[in-house]
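Put together the whole structure using the sequences plus the hints.
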Amino acid sequence: MAKKLHVHEYQPGQADGPTLVLLHGFPVDHRMFDRMATYLTPRARVLGVDLPGLGESRKFLPDNASMRASARAVMESLEIPAASPLIVAGLSMGGYVAQAIAAEFGDRLAGLILLDTRMTADAPAARENRLKVAATALEQGSSEIVAGMALATLGAESRGNRPELVEFMQDLIADQTGAGVAWSQRAMADRVDQTTTISNFPGEMLVIAGDQDEISPPDVMAEIARAARHGLFEIVADAGHMTPVEQPAAVAHLINTYLDRVAPSSA
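Numbering (the UniProt record's numbering), first residue to last: 1 to 267.
No lab work stands behind these hints, which were simulated from the structure alone.
These figures come from a predicted structure and were not determined experimentally.
Wrong hints could be hidden among the right ones.
Now the in silico label distances, taken between C-beta atoms and shown as ranges [as the list claims (entries may be wrong)]: (1) TYR39 <-> PRO202: 47 to 57 Å; (2) LYS132 <-> HIS253: 17 to 27 Å; (3) LYS59 <-> GLU139: 15 to 25 Å; (4) PRO217 <-> ASP34: 19 to 29 Å; (5) GLU144 <-> PRO81: 35 to 45 Å; (6) ALA156 <-> GLY106: 30 to 40 Å.
C-beta atoms are modelled at their ideal positions from N, C-alpha and C, and glycine is treated no differently.
Structure (C-alpha cells):
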C-alpha cells in the first residue's frame, strides 16, 4: 500500500499566504477542481488531494474504511508551513472528510469550507445501499456501478445544455477502480453525525450550495450554516452537486472572498 495520499499542487502561493486544501467528491478525484483552481487568488497555496482509493491514491487503501481514516491520511500527507493558515474545503464526500478533520484537528484549521455535503450520518436504508454498491463494485472490478452519477451529480442546466461537463464527469468516474469505489462507499456508510463538530468549530465557516443540487439541496446546506457559530451561507446559480465543475469562477470568487476574511494579507 502507498504510504501517503497523492497531493497535487495547483499553485505555490505567496510566502505569507494561506494554504487551501481541496477535497473532492465521490466518485471522482482532485481533477474536479482543475478549472476552479485557475480562478483562485495567487496569494494562496492550493493543494488538491486524491482521497483513499481514488485518482492517484488508488493504491492507498487502509484496512479501516472510515472518514476518520481519510482525515488522518490527509493530514499525514500534507506538509504545511507553521506560519501558513490552513483552510480545508471539501465537497460531498470531501465535505465528510473535512468535517472529520475539524473534529480531530480543529485547532490546526484557520477556516472550513463545506460544499454540497451533509453533516448527518446515513439513514439505515442509505447505509445498506452503500454497502451493496461496495460489494458490486468489488465484484465487477470497476466503477461501472456508479457510472450514472455523471448525470445525477450535475444540475438540470448542465445535464441539458453542457455535454462537455457530462463527458468530463463520465471520464473521471470511468478512471476510478472498483476497489476505490468500494472503499469510499464503506467509509461513507461508516460516518458519524458531525452536528456537534459543526457547532463547536470556533471560526467562520463557508457553506456553499448549488441551487439545482438534488443530492444535498440548499435547505440541507442552510441547516449546516445555521448550526455553525459563524456560518456564511452562499447559493451558486445554475449548479447542481458539482458546483466547482459547473460554475468554477463563481465558486472561486466565494472562496477568494472568504480567504480574505479568515487569512487576510499581511501587506
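Between the beta carbons of LYS59 and GLU139, is the distance compatible with 15 to 25 Å? Hint holds: Cβ distance 20 Å, inside 15 to 25 Å.
**Message:** Tell me if the beta carbons of GLU144 and PRO81 are separated by a distance inside 35 to 45 Å.
**Reply:** holds (42 Å)
(Q) Quick check on a hinted range of 30 to 40 Å for ALA156 and GLY106, using CB atoms only. (A) holds (36 Å)
Within 19 to 29 Å: is that where the Cβ-Cβ distance between PRO217 and ASP34 falls?
holds (26 Å)
Outcome for the supplied range 17 to 27 Å, where the beta carbon pair is LYS132 and HIS253: violated (40 Å)
Original post:
Range hint 47 to 57 Å: satisfied by the CB atoms of TYR39 and PRO202?
Top reply: violated (28 Å)
Violated hints, in rising order: 1 and 2; the structure is consistent with all others.
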